[in-house]
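Construct all of the structure, not just a fragment, from the sequences and the given hints.
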Amino acid sequence: MNLRLHKLVMWRIINTFPQLFSLCVVVTGMRAPPEFTVDLSLSPQQRWNGAVTKVLDVYSFEESFQVIFSKHNATLFSNLSSANYEQISSALAQHFPETAEELVGISKEFTSHGYTVTTNYLAAWVYYHELAHSDAANTDDLQYKSLMRSCTGIVVQSSAGEIFHGANMDQSPQEVRYATLAVTYTFNNSTIFRGVDWYWFTTGVTRATRQGSISLQENWRFDIPRPLSDTLAYMQAGTVPHVLMFRKVLTMTTNVTFANTVQLLENMPFAAPCYIVAAGTQPGEGVVLTRARMVTTDNALWLGNRNSSSPWYLVQTNYDQCAIAKPGSDNKICIPQPDNANDARRTAADNVLANFQQDKSSSLLSIFAVLSTYPVHNVDTAYTAMMQAKSGSLSAFVRDPMCPEDHPNCS
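Per our numbering, the sequence shown starts with residue 1, numbered consecutively.
Calculated from the structure, these hints are not laboratory results. A quick note: this is a predicted structure, and the numbers were derived from the prediction, not measured. Hints may contain errors.
The list that follows gives simulated cross-link-like pairs (lysine-lysine, PhoX-like), each with its CA atoms no further than 25 Å apart [unchecked claim]:
# : residue 1 : residue 2
1 : Lys248    : Lys390
2 : Lys71     : Lys54
3 : Lys71     : Lys108
4 : Lys360    : Lys390
5 : Lys108    : Lys54
Next comes the structure, spelled out in structure tokens:
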């Protein structure tokens with residue numbers, strides 16, 4: 001049985017017999033990540049105490065962090081000078097002092113387990129996406145290219161106006177799945193928002209939901225690398241690191257609405273481009289923001305306006321869906337772009353959603369089935385996050401690689 005047919009059959013079984021879902025979890029290679037609570041009422045250096053241990057209780061340092069660090073050192077971090085690390089740490093301490101203090105606590109916990117992971121090194125990881133879009137990255141290296149495909153997001157609106165959001169994190173090396181944590185951010189015993197990521201050791205997450213307002217994910221956007229000197233200058237000017245943007249908007253004390261949060265993310269200064277997928281609680285509250293550097297949003301693709309044949313859902317991977325006519329004007333025109341022929345995850349998701357149609361697509365379980373279809377679920381899929389802003393739910397599943405026969409990266 002081919003992989004796509006297998007996943008469609010699985011969806012039909014679990015849609016008809018929900019009690020079999022737990023069996024399907026075992027059969028398809030899924031498990032829940034360890035859970036950790038960040039208490040923001042504690043002093044910054046104490047907030048993440050125990051997070052490193054949560055990972056190392058399940059996987060050794062050599063199985064998890066060591067592989068992650070060594071792979072990304074080879075393609076990026078080893079290309080930074082000592083002076084670069086000092087510049088990065090200085091920028092973080094100046095503009096995000098609580099983050100810098102939290103990294104001190106995380107570094108100390110690594111040390112307590114016998115591993116040296118400096119605060120300067122962790123600070124560079126906070127700006128990983130920004131640095132990886134600079135000429136410090138070995139962009140011609142095959143290993144670098146294998147690290148860069150990442151993420152599929154799906155937002156679906158039911159005929160009754162209910163909104164659902166699912167997200168795959170695709171990233172190499174495969175060991176990133178072993179460092180993944182489900183993180184709940186609290187203050188004085190009250191939950192602020194929930195998230196999941198393997199980037200948690202930066203103190204931020206790239207998938208998150210806040211009850212009653214919004215669910216969010218960040219996707220990599222390809223671009224021509226900029227000089228490292230420019231990227232460092234952006235950092236020193238106070239641009240927001242991608243891994244911190246959701247924590248920044250979701251921990252605000254007032255006006256954390258879908259509309260206000262989307263507006264903030266449209267205008268937030270960044271040092272690198274990205275896509276932001278957002279879903280709310282009301283009909284029509286779904287959007288893909290195509291963000292550029294600094295405060296520019298190249299395009300906003302809204303639920304309901306995607307196209308005439310599928311106005312009830314959005315799918316975003318890592319490629320622009322629009323070429324913009326009249327750029328820079330208030331009357332931008334989206335010229336639809338085809339999917340990437342060598343990485344057609346959006347097309348695969350479109351096809352399954354079209355097959356299911358709106359009524360059968362309108363549940364977290366149905367979106368999970370789409371996200372479990374090859375190549376949407378692929379060799380690099382580390383975890384899947386299922387989110388709904390209305391309820392504030394976020395269910396995360398660490399995934400085993402989905403490999404076609406004879407795939408070179410599958411054992």
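* Assess, step by step, whether the Cα of Lys248 is no farther than 25 Å from the Cα of Lys390, and give holds or violated. => Status holds; Cα separation ~20 Å.
* To do: Take the C-alpha atoms of Lys108 and Lys54, compute the straight-line distance between them, and say whether it is at most 25 Å.
  => holds, 15 Å
* Does Lys108 lie within 25 Å of Lys71 when you go C-alpha to C-alpha? -> holds, 23 Å
* For the pair we were handed, Lys360 and Lys390, check the Cα-Cα distance against 25 Å. => With a Cα-Cα distance of about 20 Å, the restraint between Lys360 and Lys390 holds, given a limit of 25 Å.
* **Satisfaction of hint between Lys54 and Lys71, Cα-Cα up to 25 Å** => It holds: about 22 Å lies between the C-alpha atoms, which stays within 25 Å.
Taken one by one, the earlier hints all hold for this structure without exception.
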